Amino acid sequence: MTCTVRPLAAADLDAVLAIAAASPQAPIWRRTDYGPFVAGEPRENPNLVRAGWVAQAISDGTVTGFACATLLLDGQENRAELDTLAVLPAARRQGIGRALLHAVLGWAAAEGARQVSLEVRASNTAALGLYARFGFSTEGRRRGYYTDPDEDALMLGRKVTQGSPFGCFSTENAVEGGRPQC
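Counting in this note's numbering, the sequence shown runs from 28 upward without gaps.
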């Protein structure tokens, strides 16, 4: 499936909620929880930056995945956190998660993050493989972090360099993940 990644818009929230509902590993958020991640929304705190992205199929405009991230600009760590990333079950294993993660890391580098972290279910081998390919490593474990079913979370992280080769991304080519495209 060929898709492009673009900033999250308010008009995408129904699709985002549907993808999250179809993804048991995604956090259960209300529509208002996604509000701060919508492009163009004002910041309540200048040191707290939030952004969201959607992957949209070029063929029919369907939103096939989304990601949301937060960056705390504290002058020390400037740590970004991948808050959520989910892909429609029928669209998985087609490079969409990779494209979304690419966008998150590009944004984090551009915004001055020095570190990106996330939590993932310990049993989510597909996500763990994706994160490992992007250089994430295990930093810790949160016992009993998830429910339904009860499960540990692995805390993953990676450094961000300002020269990181992360920018615009598309799944247009068969090359692993596609070529950068703006």
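The reader is advised that the hints may include incorrect statements.
Said to hold, decoys possible - Label-pair restraints from in silico Cβ distances: (1) 45 - 188: 34 to 40 angstroms; (2) 67 - 177: 34 to 40 angstroms; (3) 182 - 34: 37 to 43 angstroms; (4) 87 - 170: 27 to 33 angstroms; (5) 139 - 176: 35 to 41 angstroms; (6) 164 - 103: 29 to 35 angstroms.
Because the hints were derived from the structure by calculation, they are not lab data.
Since we're looking at a predicted model, the values are computed, not measured.
Even for Gly, the Cβ is constructed at its ideal location relative to N, Cα and C.
Hint by hint, here is what the structure shows:
1. The hinted window of 34 to 40 angstroms between residue 45 and residue 188 holds, with their beta carbons roughly 36 angstroms apart.
2. Checked against the hint of 34 to 40 angstroms, the pair residue 67 and residue 177 passes, with Cβ atoms roughly 39 angstroms apart.
3. Hint check: residue 182 to residue 34, Cβ distance near 27 angstroms, so the stated range 37 to 43 angstroms is violated.
4. As the Cβ distance of residue 87 to residue 170 is approximately 43 angstroms, the hint placing it in 27 to 33 angstroms is violated.
5. A C-beta distance of roughly 38 angstroms is found between residue 139 and residue 176, which places it inside the suggested range of 35 to 41 angstroms.
6. At roughly 21 angstroms, the beta carbons of residue 164 and residue 103 sit outside the given window of 29 to 35 angstroms.
The earlier numbered hints that this structure contradicts are 3, 4 and 6.
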